[in-house]
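Asks: Listed here are the chains, written in short residue letters.
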Amino acid sequence: MAMNWLSALARGAEIPVFAVVGAQGLAPVEGLRHRPGLRLVDSPRHARVLLVAGAVDGAHKTALERLHAQIPTPRGTVWWQAAPLFARGQGVAGDDPLPAIRAAAGADDPDQRPDVPPHPWQGMGPHGQGGRGMMGGNPYGRPMAMTADDIRDGLALDVYNARFGPFLPMLPPGLVLDLTLQGDVIVSVSVVSPPFEQGMQGDAPDLCAARMLRLMGIAPRAARARGALLALPKGSGTRRRLAAWLRGQTVTERPSPLPEALPGLEWAEAVLWLASFLPSHLRAACMPRQAA
Amino acid sequence: MTLVSVLIVAAALIGIGLYGALSQQSFVMLMMGLELMLNGAILAMMGFWSFSLGGAPEGQLLAIIVMAVMAVEMAVGFALVVAVYRKRQADMTESLTTMKH
Amino acid sequence: MIAATLILLLALPPLVWVAAMFDRIGAGRGTVVMGPLQNGAALVLRPNTETEAPDRLNRLLAPGWYLALALVGLSVVPLAEDVVASEISTGLVLWGACEALTVVVVFLHGWSPNAPLPLIGAYRYVAIALPAMLLSMFVLIGAALPAQSLSVVEVVEAQREIWNVIRQPLGLPLFMALGLAITLRGPFDYADGAELAGGTSAEESGPALALWHFARAAMLVAFSAMAATAFLGGYLGPVLPGPAWLLLKTLAVMAATVAAGRFFVRMPPARMLTFLWVVLLPLSFASLALVGVEVLP
Amino acid sequence: MTDALFLALSTLAIWSGWRVFRVDSMVRASFQLMVSFIAVGLIAVLLAAPYIGIATIFMMAVEMMVMALFMVMFMMNPAGLNPMVMVHQHRFSIAAGIIAFAGLTAAVLLSDLPVQRVPEGVDVVRNLGHELLGPSMLIFETAGVTLLATMIGAVVLSAHSGRYGASDTGSLPPGLTPGGEPAGRKPENGGHHHHGGH
Chain A
58 MAMNWLSALA RGAEIPVFAV VGAQGLAPVE GLRHRPGLRL VDSPRHARVL LVAGAVDGAH
118 KTALERLHAQ IPTPRGTVWW QAAPLFARGQ GVAGDDPLPA IRAAAGADDP DQRPDVPPHP
178 WQGMGPHGQG GRGMMGGNPY GRPMAMTADD IRDGLALDVY NARFGPFLPM LPPGLVLDLT
238 LQGDVIVSVS VVSPPFEQGM QGDAPDLCAA RMLRLMGIAP RAARARGALL ALPKGSGTRR
298 RLAAWLRGQT VTERPSPLPE ALPGLEWAEA VLWLASFLPS HLRAACMPRQ AA
Chain B
629 MTLVSVLIVA AALIGIGLYG ALSQQSFVML MMGLELMLNG AILAMMGFWS FSLGGAPEGQ
689 LLAIIVMAVM AVEMAVGFAL VVAVYRKRQA DMTESLTTMK H
Chain C
5 MIAATLILLL ALPPLVWVAA MFDRIGAGRG TVVMGPLQNG AALVLRPNTE TEAPDRLNRL
65 LAPGWYLALA LVGLSVVPLA EDVVASEIST GLVLWGACEA LTVVVVFLHG WSPNAPLPLI
125 GAYRYVAIAL PAMLLSMFVL IGAALPAQSL SVVEVVEAQR EIWNVIRQPL GLPLFMALGL
185 AITLRGPFDY ADGAELAGGT SAEESGPALA LWHFARAAML VAFSAMAATA FLGGYLGPVL
245 PGPAWLLLKT LAVMAATVAA GRFFVRMPPA RMLTFLWVVL LPLSFASLAL VGVEVLP
Chain D
221 MTDALFLALS TLAIWSGWRV FRVDSMVRAS FQLMVSFIAV GLIAVLLAAP YIGIATIFMM
281 AVEMMVMALF MVMFMMNPAG LNPMVMVHQH RFSIAAGIIA FAGLTAAVLL SDLPVQRVPE
341 GVDVVRNLGH ELLGPSMLIF ETAGVTLLAT MIGAVVLSAH SGRYGASDTG SLPPGLTPGG
401 EPAGRKPENG GHHHHGGH
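Chains A, B, C and D supply the protein sequences, listed in that same order. Reading the first sequence from the start, the letters are residues 58 to 349 in the numbering used here. Reading the second sequence from the start, the letters are residues 629 to 729 in the numbering used here. Reading the third sequence from the start, the letters are residues 5 to 301 in the numbering used here. Reading the fourth sequence from the start, the letters are residues 221 to 418 in the numbering used here.
Among the chain D residues that face chain A by a calculated CB cut under 10 Å, a handful are:
hint, residue
1, Met293
2, Phe294
3, Ser378
4, Ala379
5, His380
6, Ser381
If you want the ones that stay clear, here's a sample from chain A, every Cβ over 10 Å from chain B, calculated:
hint, residue
7, Met60
8, Pro85
9, Gly115
10, Ala126
11, Phe143
12, Ala150
13, Gly163
14, Gln169
15, Leu225
16, Arg268
17, Pro290
18, Ala300
19, Glu310
20, Pro314
21, Arg340
Pair ranges (Cβ atoms, derived):
hint, chain 1, residue 1, chain 2, residue 2, range
22, C, Val36, B, Ser633, 50 to 60 Å
23, C, Pro211, A, Gly69, 15 to 25 Å
24, B, Lys715, D, Pro398, 23 to 33 Å
25, D, Glu340, C, Gln152, 17 to 27 Å
26, C, Ala31, A, Ala150, 28 to 38 Å
No lab work stands behind these hints, which were simulated from the structure alone. Predicted model only: the values in this text are computed from it and were never measured. The C-beta atom is built at its ideal place from N, Cα and C for all residues, glycine as well.
Given the sequences, and given the hints that come with them, work out the whole structure.
Replies: As C-alpha cells, then:
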C-alpha cells in the first residue's frame with residue numbers, strides 16, 4: 058500500500074543520469090544539464106541511467122563495465138552517438154537522447170560484470186594480521202598503505218596510490234591518472250591515458266567557464282559579481298584563465314606536462330587547474346608522454 | 629544514584645584508563661588511556677561536588693581546570709608525537725629509549 | 005514540554021519540504037512544490053549500495069545521528085513564552101555540543117564507506133568545520149551577554165527592547181557561516197562538493213542517501229530557528245502570535261542561507277582555512293569585544 | 221527514573237571505555253572514548269551540573285575528532301581491516317588496572333563520606349560564573365594563559381620549520397664564529413639523526 062503510493066509519487070521524479078563523456082561529448086552533455094525531466098548526477102551511485110555520450114575508446118571497456126556495475130539495480134543504459142562497447146541498453150544517433158533516457162529509466166539491465174566478493178582474508182602473523190609486523194602485508198589481496206616522503210611539510214605518513222579516471226566527473230573526460238596522494242595533496246602523477254578529443258565545441262569559453270564554476274559550487278550566471286575570481290589565489294594561472302573565459306576570450310596558455318605541474322597541489326586546486334585549460338590543449342599536453 | 633555508586637563507576641573508568649596507559653605501545657593509544665583516567669576523575673569530582681560539597685562552586689571550577697588540563701595534555705602530546713615522528717619515523721613508545729636525537 | 009516536542013516533530017517534515025523547495029527555486033528545475041517529494045520517493049525506492057569492507061555500523065547510523073542532532077538542536081528553541089521542548093539552563097551550550105557532534109557525524113559518514121573520495125571529503129570538512137564552529141561559539145557568547153544567561157529563553161527575553169541583530173550587527177552574518185558549514189552548503193560544502201563527485205555521500209544511494217538529504221535539510225531548519233532566536237528575537241513580535249513570528253523569521257533565515265549558499269563561491273580548502281583563521285575569527289573576536297563594551301553598565 | 225538513567229549511562233561509560241582498547245579500528249576507538257565522555261557528561265547533568273556536563277560533551281566531541289584524525293595519521297592500520305595487537309607488559313597492566321579499581325573502590329566503601337547535597341533551587345551555572353570571574357579569577361586566567369602557551373608550544377614543536385632550519389635535518393644552531401661548531405650543548409655521541417627504530 059505504502060509502496061504503491063510511493064511509486065505513484067516517484068513516477069513524476071527527475072531521472073538521475075550519470076553521463077560518461079566520450080569523444081565530442083562534452084558540449085552535448087553540457088546542453089543536457091538544463092533539460093527538465095532529468096538530472097545529471099556526480100556519482101554513479103546516485104544514478105538510475107548510464108548515458109554514454111560520444112565514442113569511448115575500446116581501451117576503457119573494463120572501466121566502463123565497472124561503472125555500469127556501480128549503478129544500483131535496476132539500471133538502464135543509453136549510448137548516445139556512441140558505438141556500444143557491450144550489449145546493454147540501446148543506442149541513439151539523433152540529437153535528443155531524452156526519449157531513450159526515459160525508456161531506459163524503466164529498463165533493468167542485467168549485470169555486465171559478475172559480482173565478485175572481495176579477496177579473502179589472508180592473515181599471516183600470530184594475531185591474524187596481514188603483515189609480519191603490524192605493518193604492511195597484503196591482507197585483502199591489495200597492499201596495506203605504507204609511509205612515504207611528503208613533499209609539502211616533510212611528515213612522512215601513509216600514502217594512497219590509486220588510479221583516477223577516466224569517467225570521474227571532475228576530471229577532463231578520458232583522462233586517467235595514476236596518483237600518489239598524501240591526504241589530499243598530490244605527491245606524484247603519471248598520465249595513463251590522455252583526455253578524449255572534444256573538437257571546437259568543447260573549447261567554447263562559456264562552456265569552459267561553466268565547468269570550472271561548477272567545481273567551485275556556483276552556477277555561471279553573473280559569476281564575476283559573485284567574486285568567483287577572488288576565490289582563486291591572486292596571480293595564479295587559474296584565476297587569470299577563468300577571468301579570460303568570463304570575458305568571452307579564448308585561453309591560449311598551454312599547460313605544462315601534468316607530472317611536473319600537479320605534484321604539490323591539493324585535490325581541489327589540481328582539479329581546478331586541470332579545468333582551467335582548453336580540453337584540446339590539455340589533450341595535446343598529455344599526448345607526447347603517451348607516445349614516449 | 630548515590631555518591632558511592634558514582635565513585636565506583638569513576639574507579640572503574642580510572643582502572644581501565646590505567647590499564648590502557650600502561651599496556652598500549654602506540655603514543656596515541658597511550659594518550660587515550662590518560663584521557664579515560666581524567667574522565668573518571670571528572671566523574672568523581674562531579675559526584676563529590678553534588679553529594680558532599682553542597683554545590684560549592686569551587687568543585688565545578690576544578691572540573692573546568694581538569695578539562696583545560698586535558699586540552700593541554702592532548703595538544704602537547706600530539707605536538708611531541710609529530711616532532712618525534714619527524715625525527716625518527718616512530719610512533720611507538722619502545723622506539724624512544726633515549727631523549728637525544 | 006511534551007507538547008513542544010510533539011509540535012517540533014510534527015512541524016519538522018513540512019519545514020524540511022519547504023527547505024527543499026527553497027533549494028529548487030530559481031535553479032531552473034521545473035516543479036518546485038512537488039519536485040522534492042517526487043525525487044525523494046524515487047530515491048527511497050532505489051536500493052542501498054554495498055562497498056568493500058565498510059564500517060557497517062557507522063555507515064548505517066551516520067544519517068540517523070545527523071537527523072537526531074538537528075532535532076536536539078531544534079529542541080532548545082523556545083516556540084513561545086514558556087514553551088520549549090528541552091528546558092535546560094544551558095541551551096546555548098547544548099546547541100554548541102550539537103554543532104561539534106555534527107562535525108563528528110559528517111566525518112563518520114565519509115569515513116565509513118571505505119572509499120577515497122568520501123574520505124577526502126571527510127578530512128577536508130573537519131579541517132574547515134572546526135574553526136567555523138569555534139567562530140560560532142564567540143558569536144553565540146555575544147548573544148548570551150546581554151541576557152546574562154546561557155539559557156535560550158533568557159536570550160529571547162533580553163531582546164524585548166531591541167533585537168540582537170541590531171545590537172551586534174556582525175553576529176548574524178558570522179553565524180550564517182556556521183550555518184552553511186553544518187548544513188554542507190555552497191561555500192562551506194567541503195564534504196559533499198562537486199569536485200569530489202558527491203564527497204562523503206558519493207558511495208551512498210537509496211534510503212540512506214534520502215535520509216542524509218533529509219537530515220541535511222532538517223539541520224538547515226534547526227540552524228535557521230536558532231539564528232532567528234538568537235539574533236532576530238525569536239517569538240517576539242507585534243500582532244501575530246509568537247509561534248507565527250518564529251516561523252516567519254525561521255523561513256527568512258532559511259531563504260537567506262540558501263541564497264548565500266548559491267551566491268558565494270567555494271574556495272580551494274587551503275585558502276578558505278586562511279580566510280577563516282585570518283579574517284572571520286578575528287572578526288568574531290571584534291564582535292564579541294564590541295558586545296562586551298556595549299553591555300558594560 | 222534517575223537511577224535507571226544513571227545505571228544505563230554508567231554501563232555505557234564503562235563498556236565504551238573498555239572497548240577503546242579492544243577495537244581494531246582506530247576511528248572507532250577514539251569515538252568509543254567520545255561515547256564514554258558523553259555518558260559521563262550526561263551523568264554530570266543528572267548530578268545537577270548542566271554546564272559542566274554539556275561542556276564536557278562539547279569539548280570532548282571536538283577533542284576526539286582531532287584525536288581520530290591523529291589516529292588515522294599515525295596508526296599503520298587505522299580502519300582496523302587488519303587485526304592488530306600492539307601491547308606490552310600486558311599482564312602487569314591488567315593487574316595494575318584491577319588493583320587501582322579495587323583500591324579505589326575499597327577506599328570509597330571504607331571511608332566515611334560527608335553528605336551535603338546541592339540545595340534545591342540554587343542557580344549553579346550563575347554561581348560558577350561568579351566564582352570564575354570573582355574569587356577564582358586568578359586560577360581561571362592562569363588556565364587561559366597556560367592554554368595560550370600550550371598553543372604556541374604545540375605549533376613550535378610540531379611545525380616543519382625548526383628554529384634553525386627544517387626540523388628533520390637536525391635544526392642545528394649556527395656557529396658562534398663563521399663556519400664554526402654549532403652553538404649550544406653538544407650531543408654526546410655524534411648527534412647525527414638516524415631513521416632507526418621502525
